[in-house]
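Those protein sequences? They're chains B and A, same order as listed.
Read the first sequence against our numbering and you will find it ends at 167, with the numbers running on by one and no gaps.
Read the second sequence against our numbering and you will find it ends at 765, with the numbers running on by one and no gaps.
No wet-lab data here; the hints were simulated from the structure.
For each residue, glycine too, the CB sits at the ideal point set by N, CA and C.
Any given hint could turn out to be false.
To be verified - Partial selection, computed: residues in chain A whose CB lies under 8 Å from chain B:
hint, residue
1, Leu264
2, Ala265
3, Met267
4, Thr268
5, Ser497
6, Ile699
7, Arg701
8, Gln721
9, Gly722
10, Met723
11, Glu740
12, Pro743
13, Phe749
14, Leu750
15, Val751
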Amino acid sequence: MSADTPRLRPPRHRVDKRAVWWWTTRSLAVTVVVTAAPVVPAIIWEPPRTWFLLAAAVVGGFGLLITVVMPQWRYRVHRWEVTDTAVYTSSGWLWQEWRVAPMSRIQTVDTARGPLQRAFGLSSVTVTTASAAGPIEITGLDQALATQVADQLTDTTQATPGDAT
Amino acid sequence: MSDEHRPNPEESRPTPDGAAPAAEDRVRPVPEAAEGVPAEPTGAHTGEWDGTGTASDTDSAPLGEGAEDTSAEEDPPHDGWQRLHPLSVWASTAVAGVFLVPAAIVGTIVLLATGHPWWALAPLPAALAFLALMTYLDMLRLRAIRYRVTAERMEMRSGIIAKSYRSIPRERVRSVDVAAPLYVRIFGLCSVTVGTGEKVGAGADQLQLLYVTAEQGEWLRRDLLRRGVPASAGRSGETAGTGTPEDGEAELARLDRRWFAYAPATTATLGVGLGAIAGLVGLNAQTGGVGWEWVSDQANLPSVQEMSSFVMRQVLIVVPTALLVLLVSGVIVLTAVAVETWWNYRLTREADGTVRLRRGLLTSVSLSVEGRRLNGITLHEPYVLRRSGGADVRAVATGLAAADDQKTSAKSRLSPPMPRKRALALAADLMRTPDSPLDVPLAAHPRAALRRRLTRATVVTVLGVALSGALAWLHTLVSEAWWEVVRKAEQEIIPVPLATGTVEATPSWGWSVLAVAIAAVAFWYAVGSYRGLGHGLHPRYLVVRRGMAVRDTVTLERSAVIGWRIKRSPFQRRLGLADVAATTAAGQGMYEARDVGLGQGLAWADEAVPELLAPFLVSGGRNGGEEEPPRS
Numbered sequence: 003m004s005a006d007t008p009r010l011r012p013p014r015h016r017v018d019k020r021a022v023w024w025w026t027t028r029s030l031a032v033t034v035v036v037t038a039a040p041v042v043p044a045i046i047w048e049p050p051r052t053w054f055l056l057a058a059a060v061v062g063g064f065g066l067l068i069t070v071v072m073p074q075w076r077y078r079v080h081r082w083e084v085t086d087t088a089v090y091t092s093s094g095w096l097w098q099e100w101r102v103a104p105m106s107r108i109q110t111v112d113t114a115r116g117p118l119q120r121a122f123g124l125s126s127v128t129v130t131t132a133s134a135a136g137p138i139e140i141t142g143l144d145q146a147l148a149t150q151v152a153d154q155l156t157d158t159t160q161a162t163p164g165d166a167t
Numbered sequence: 134m135s136d137e138h139r140p141n142p143e144e145s146r147p148t149p150d151g152a153a154p155a156a157e158d159r160v161r162p163v164p165e166a167a168e169g170v171p172a173e174p175t176g177a178h179t180g181e182w183d184g185t186g187t188a189s190d191t192d193s194a195p196l197g198e199g200a201e202d203t204s205a206e207e208d209p210p211h212d213g214w215q216r217l218h219p220l221s222v223w224a225s226t227a228v229a230g231v232f233l234v235p236a237a238i239v240g241t242i243v244l245l246a247t248g249h250p251w252w253a254l255a256p257l258p259a260a261l262a263f264l265a266l267m268t269y270l271d272m273l274r275l276r277a278i279r280y281r282v283t284a285e286r287m288e289m290r291s292g293i294i295a296k297s298y299r300s301i302p303r304e305r306v307r308s309v310d311v312a313a314p315l316y317v318r319i320f321g322l323c324s325v326t327v328g329t330g331e332k333v334g335a336g337a338d339q340l341q342l343l344y345v346t347a348e349q350g351e352w353l354r355r356d357l358l359r360r361g362v363p364a365s366a367g368r369s370g371e372t373a374g375t376g377t378p379e380d381g382e383a384e385l386a387r388l389d390r391r392w393f394a395y396a397p398a399t400t401a402t403l404g405v406g407l408g409a410i411a412g413l414v415g416l417n418a419q420t421g422g423v424g425w426e427w428v429s430d431q432a433n434l435p436s437v438q439e440m441s442s443f444v445m446r447q448v449l450i451v452v453p454t455a456l457l458v459l460l461v462s463g464v465i466v467l468t469a470v471a472v473e474t475w476w477n478y479r480l481t482r483e484a485d486g487t488v489r490l491r492r493g494l495l496t497s498v499s500l501s502v503e504g505r506r507l508n509g510i511t512l513h514e515p516y517v518l519r520r521s522g523g524a525d526v527r528a529v530a531t532g533l534a535a536a537d538d539q540k541t542s543a544k545s546r547l548s549p550p551m552p553r554k555r556a557l558a559l560a561a562d563l564m565r566t567p568d569s570p571l572d573v574p575l576a577a578h579p580r581a582a583l584r585r586r587l588t589r590a591t592v593v594t595v596l597g598v599a600l601s602g603a604l605a606w607l608h609t610l611v612s613e614a615w616w617e618v619v620r621k622a623e624q625e626i627i628p629v630p631l632a633t634g635t636v637e638a639t640p641s642w643g644w645s646v647l648a649v650a651i652a653a654v655a656f657w658y659a660v661g662s663y664r665g666l667g668h669g670l671h672p673r674y675l676v677v678r679r680g681m682a683v684r685d686t687v688t689l690e691r692s693a694v695i696g697w698r699i700k701r702s703p704f705q706r707r708l709g710l711a712d713v714a715a716t717t718a719a720g721q722g723m724y725e726a727r728d729v730g731l732g733q734g735l736a737w738a739d740e741a742v743p744e745l746l747a748p749f750l751v752s753g754g755r756n757g758g759e760e761e762p763p764r765s
């Protein structure tokens, strides 16, 4: 990289540390289900038992690897920042994504907590613009913080003129 | 036409909440809206329209009450609730009848012929009863539908059991699509689809009227997109009445029938055409006219043994003939479709800036897009069309969204395939710039982008070699062991045993030709798609180009960019590449410079929309630990 090529600086704030446990639990749940699927026929049928168990072992091992690596990796990548003019987020782990949306183009701001997020006291903030590219999501925030961020976003959006499309 | 617009006294229903939605209009998005319930998106709307909106709000309320009190015959159209045209029921009945009644007659005849005279009495009455029921239900549906256009908004109520109320603020109307398929046009009707720029769930962004009179469709089209002056009662009535719509209209393009020559220039016809030509060449080279002999012998059908000895000739004549027939019919069908779609094509810009597209032979379509919402254009060049020097122009506009990208793209077509030069001129006209953004020199993407594509081509080549190897192995296996069995089996099943003959005739080294061909195509495609990549900037537009099979050059107004999305895969991070996409409310919602160098792409994005990305950029050199993802 030469000196004058711009780079993206990471957004200012990390997500809540508890998000790591949330991601781990989620990934573990998926791994258990996917691993259990080939085990069931292995119990019922005698002849191909070894093969099914082998498949289960491969899938399970892969799932466990993801469960160990992914949450830490995500925690290093997932970041967010709200300035007076824009929302800036980064997310993903293998495939990473950075999103920027100006305040003047924000249409709605929602907070949402799924059952699993709630168990960890987490909440996510969804910021919708008029684009079909999908909303910007900040996942894994502390509930109180998420409410505060949403309030701040709503206030700033109201203060910013623009017709959102 | 005025009596179409007049609300019938006994039909006009009271409008208790007619003015109520205007109050909701000011509701802000609540941050903690309940999960899954999107907050009213119109809320965040704080544009220039609010001033006029509030003003006409107070105006329209008493007007509406007046209409409901007096339900006067002389009321202008938009003051009261209106119904769809009663004939529209008969339009749909007629269409269903055209299919159902002949089917029922055929059924009756078949049943008579097969000796079920009693059953033969059933189809016709059943069809008629079904038609009657359908018509009745349709009539109920029609009775329940009311719509009106006020100075402030367009509203529609529908539903017999489940009532629904839809309302679109007028300043949200981005496009009006008036379509009249033949069976509707006979009745002097048309359908009107009103598009807004919103993407709140499927189908929520438009409001459709099936059907209203042609005059009313034209009136809606003109009135809904009129901006600046709030549509006052007298004025719109007058405009609708005078019927001089062509004032101050500038023509951008008109159909040139020679353009229909581009219609068959598609990949399918090219493939079939090449196949036919190759087959014919093969026929000439190998049989020296024996094939024709076979055709003459065809009259007295040869035995199975004779046929198998003729296998090669059959292959060589049947395949190219079939391909030729396919080619000719394909060309005819494609041309016919193009004629149907683009007959009477006219693209105009009206005095208020609205771009209007008219086209269609059997289904006449009139699509109007508010000039301000036409945020750019796409120069669409599929491979074969590009090779034959053609291109077509599509709109990048808000309010033209359909279910998916492909449908959005199809709905956005503003021109038939035309010579590239003409398309470029039209695009420049549409964007109203003296120097066309399409002439801006585009920056090439880094060589690493080429390397990525070559890697993909290598993977395809390896797969191709594996496939050819497997086929060759299968081939030898078959010819050794069960050749006769396969041949017998095929003769049992298919009267003309082609497949076995072809395989038998192919030497096993022939499969390596397949591998080489796959590799050649893969690498040619890789280089072509790298050459297709490009991005650039015009003072008002940003430009991105990509694609090999279909090359799209998109221009997007820089002021229409409502955010950026930068995406990087593990491979892209290793090569220093990124996909830099501008998000927008128009068109497909996102336009992407794919596999651009990260620094190059960010610099481009930063220059395109100066204030947006700048706070989040740092100049290079520093290798920040945080932004470098860990590699594993």
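Against the structure, the hints:
A hinted interface residue such as Leu264 of chain A counts as satisfied when its beta carbon comes closer than 8 Å to some beta carbon of chain B; here the least separation is about 41 Å, so the hint is violated. At its closest, the beta carbon of Ala265 of chain A sits 43 Å from a beta carbon of chain B; the interface hint therefore is violated under the 8 Å criterion. The restraint placing Met267 of chain A at the interface with chain B is violated, with a minimum CB-CB distance near 36 Å, outside the 8 Å limit. Because the closest C-beta pair between Thr268 of chain A and chain B is about 39 Å apart, greater than 8 Å, the hint is violated.
A cut of 8 Å between beta carbons decides the hint on Ser497 of chain A: the least distance to chain B is about 29 Å, and the hint is violated. Because the smallest distance between the Cβ of Ile699 of chain A and any Cβ of chain B comes to about 4 Å, under 8 Å, the interface hint for this residue holds. Hint status for Arg701 of chain A relative to chain B: holds, with the closest Cβ pair at about 5 Å, below 8 Å. The closest approach between the C-beta of Gln721 of chain A and any C-beta of chain B is roughly 6 Å, which is under the 8 Å cut-off, so the hint is satisfied.
The restraint placing Gly722 of chain A at the interface with chain B holds, with a minimum CB-CB distance near 3 Å, inside the 8 Å limit. At its closest, the beta carbon of Met723 of chain A sits 4 Å from a beta carbon of chain B; the interface hint therefore holds under the 8 Å criterion. Using the Cβ-Cβ criterion of 8 Å, the hint placing Glu740 of chain A at the interface with chain B is not satisfied: the shortest such distance is roughly 10 Å. A distance limit of 8 Å between C-beta atoms decides the matter here; for Pro743 of chain A the minimum to chain B is near 12 Å, and the interface restraint is violated.
With 8 Å as the threshold, the beta carbon of Phe749 of chain A comes within range of chain B, its nearest partner Cβ sitting at about 5 Å, so the hint holds. Proximity of Leu750 of chain A to chain B holds as hinted, the smallest CB-CB distance being about 4 Å (cut-off 8 Å). Taking 8 Å as the C-beta cut-off, the interface hint given for Val751 of chain A holds, the closest approach to chain B being about 5 Å.
Hints 1, 2, 3, 4, 5, 11 and 12 from the list above are not met by this structure, while the remaining hints are.
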